[in-house]
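Participant: Here is how the chains run, residue by residue.
Number of protein chains: 2
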Amino acid sequence: MRTNPERRTALTDAAVDVLADEGARGLTFRAVDTRAQVPAGTTSNYFRTRDELLVAVGAHVFTRLAPDPATVHSALSHRRDHALLGQFLRDIVDRATADQAAHLALLELRLESTRKPALAATFTATMVDALRANVAFHLDAGLPGDEESVELLYATTTGLIIEHLTLPEFFSRARVDRLIARLVSTME
Amino acid sequence: MRTNPERRTALTDAAVDVLADEGARGLTFRAVDTRAQVPAGTTSNYFRTRDELLVAVGAHVFTRLAPDPATVHSALSHRRDHALLGQFLRDIVDRATADQAAHLALLELRLESTRKPALAATFTATMVDALRANVAFHLDAGLPGDEESVELLYATTTGLIIEHLTLPEFFSRARVDRLIARLVSTME
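Protein chains in written order, with the working numbering: chain A, 430 to 617; chain B, 430 to 617.
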């Protein structure tokens with residue numbers, strides 16, 4: 430196995446693009462080599478199996494979609510009220526829209542998880558950790574709402590992003606923002 | 430083009446199974462012929478193009494996931510309150526869980542829509558009609574909430590079903606039902 434971290438990241442980024450453009454079935458070592466413009470066989474030097482590549486993509490898309498810590502830190506200097514909560518949710522949608530390939534790859538991984546129990550297990554662990562971190566952040570920051578509210582915000586944001594990214598003429602960004610405001614207003 | 434409606438439906442059902450099991454890239458006329466256990470070439474006698482088949486699947490999954498009109502009619506004899514609204518939403522999740530292949534096919538069609546503008550246009554029209562019908566049903570029945578509430582319920586249900594179907598260990602049915610109850614309680 431090769432271990433150059435930059436090369437490994439570049440291959441994982443290429444795998445994200447292949448998943449978004451071609452779907453899970455299009456994800457082969459050869460397709461990733463081509464997309465990354467590296468010699469044939471390179472991807473198989475970095476990932477033992479296709480499943481190992483899928484798991485790496487699952488971890489990597491979270492990094493790509495994560496907020497800039499400095500932005501979050503600066504936002505927390507504002508009043509931790511409904512307006513700030515709405516802004517955080519719109520920021521999540523902004524990042525998914527700006528990096529559509531990462532979010533579509535995430536959806537492909539979800540679907541692939543229904544077919545591959547080993548991927549489902551790893552991916553479930555990643556999602557459990559991510560939601561737990563969300564809940565901890567929300568409660569620590571003293572934003573409006575309890576643990577269950579955060580779960581509801583999470584599930585609704587999943588739905589809104591999927592509607593907006595896959596059928597933007599159906600769920601416009603204006604509609605997404607309106608529904609975020611509506612949901613946030615119910616948080617106590 | 431052949432026009433035996435039962436055969437056409439059987440082929441569309443087979444296409445749903447292929448989409449759910451193999452993903453969009455796996456959907457070929459040949460794969461549908463095999464899944465439907467019909468002679469090679471049958472599917473191409475019923476659908477001119479793969480896009481025409483995708484559009485037929487898009488319409489058909491809505492039929493498969495639709496509620497039984499008699500059940501809805503009988504439910505409407507109860508008080509049209511928050512409890513009944515919660516029941517309707519849990520029924521939607523029940524149907525998606527009972528016919529997982531139909532809902533996963535819907536997700537594959539969403540992803541395929543990001544790659545095929547013609548499919549996106551038809552599929553958007555179907556979704557707009559379906560949401561409009563939902564809103565009309567909700568308001569006519571006098572269930573709690575206004576038009577925007579229905580849109581919020583719809584988006585959240587999308588998120589909950591996708592979480593539950595693709596990562597059931599992450600979003601258990603109990604968690605889904607808890608979040609439905611929480612959201613419904615905010616409807617005025």
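No wet-lab data here; the hints were simulated from the structure. Bear in mind that the values here come from a model prediction, so they are computed numbers and not experimental data. It is possible that part of the hints are untrue.
Covered by chain B, per the in silico footprint, the following chain A stretches (three or more residues, Cβ under 8 angstroms) [what the hints assert, rightly or not]:
#	stretch
1	442–452
2	539–553
3	574–581
4	586–598
5	607–616
Covered stretches of chain B (in silico footprint by chain A; criterion: 3 or more residues with CB under 8 angstroms from a CB of chain A, positions within the stretch not fixed) [unchecked claim]:
#	stretch
6	494–506
7	534–542
8	563–572
9	584–591
In this text, a Cβ means the ideal position worked out from N, Cα and C, and glycines have one as well.
Participant: It remains to establish, for every hint, whether it holds in the given structure.
Facilitator: Going through the hints against the structure:
1. 442–452: Holds, because 4 residues of the stretch 442–452 of chain A bring their Cβ atoms closer than 8 angstroms to Cβ atoms of chain B.
2. 539–553: Held - the stretch 539–553 of chain A has 10 residues with a Cβ nearer than 8 angstroms to chain B, which meets the minimum of three.
3. 574–581: holds (count 4)
4. 586–598: holds (count 10)
5. 607–616: holds (count 5)
6. 494–506: violated (count 0)
7. 534–542: The restraint on the stretch 534–542 of chain B holds, since 6 of its residues have a Cβ under 8 angstroms from chain A and three suffice.
8. 563–572: Contact hint for the stretch 563–572 of chain B vs chain A: violated, 0 residues under 8 angstroms.
9. 584–591: Coverage by chain A holds for the stretch 584–591 of chain B (7 residues, Cβ < 8 angstroms).
Hint violations for this structure: numbers 6, 8, all remaining hints satisfied.
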